[in-house]
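Trainee: Here the numbering used here is used: the first residue of the sequence shown is 2, the next is one more, and so on.
Think of the hints as simulated: they come from the structure by calculation, not from any bench. There's no promise every hint is true.
To be verified - Here are the in silico distance ranges between beta carbons for each label pair:
(1) Ala88 to Asp42: 46 to 52 Å
(2) Tyr43 to Asp91: 19 to 25 Å
(3) Thr8 to Ala130: 26 to 32 Å
These numbers were taken from a predicted model, which means no experiment stands behind them. Yeah, the Cβ is synthetic: ideal placement off N, Cα and C, and Gly gets one too.
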Amino acid sequence: MPTAKTTICLWYDRDAEEAARFYAATFPESSVGAVFRAPSDYPSGKAGDVLTVEFTVLGLPCFGLNGGPAFCHSEAFSFQITTDDQAETDRYWNAIIGNGGQESACGWCKDRWGISWQITPRVLTGALAAGGEAAKRAFDAMMTMTRIDVAAIEAAVRG
């Protein structure tokens, strides 16, 4: 994998490789690159344990660090995944939730490693960008949802 000038580094307790493999299996244009093992013992692991993993998520270069339990993920960082229809929205949502994740509000969910994801259909972002009363109706509809319902957003836009 080519080394990018900027890479997102995600801290994991000890499951960076498992997370990277899940993302690669779930999202197109995603893959697992180099897996580096610790050359000696370190505070959160032993020599030979997976220390870092290079991977991509939808073409975005990432770096997973097995740093131990000192730091946790928060909603202050999330991946926003734009979807074209309900089937794609459901596929990503179900993959994340079905693999030990949890639902949140307004199209947000969290994977089993604590990373937040926004699964956002284009119809929603388009409605919000258009502004006016249709945007307000789409926004109000979104505020009642966990997973975004494309048909309900389309109906809200129409009024």
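Trainee: It remains to establish, for every hint, whether it holds in the given structure.
Mentor: Going through the hints against the structure:
1. A beta carbon spacing of about 47 Å between Ala88 and Asp42 agrees with the range 46 to 52 Å that was offered as a hint.
2. Between Tyr43 and Asp91 the CB atoms are about 41 Å apart, so this pair departs from the stated range of 19 to 25 Å.
3. Hint check: Thr8 to Ala130, Cβ distance near 29 Å, so the stated range 26 to 32 Å holds.
The structure does not agree with numbered hint 2 stated previously, though it agrees with all others.
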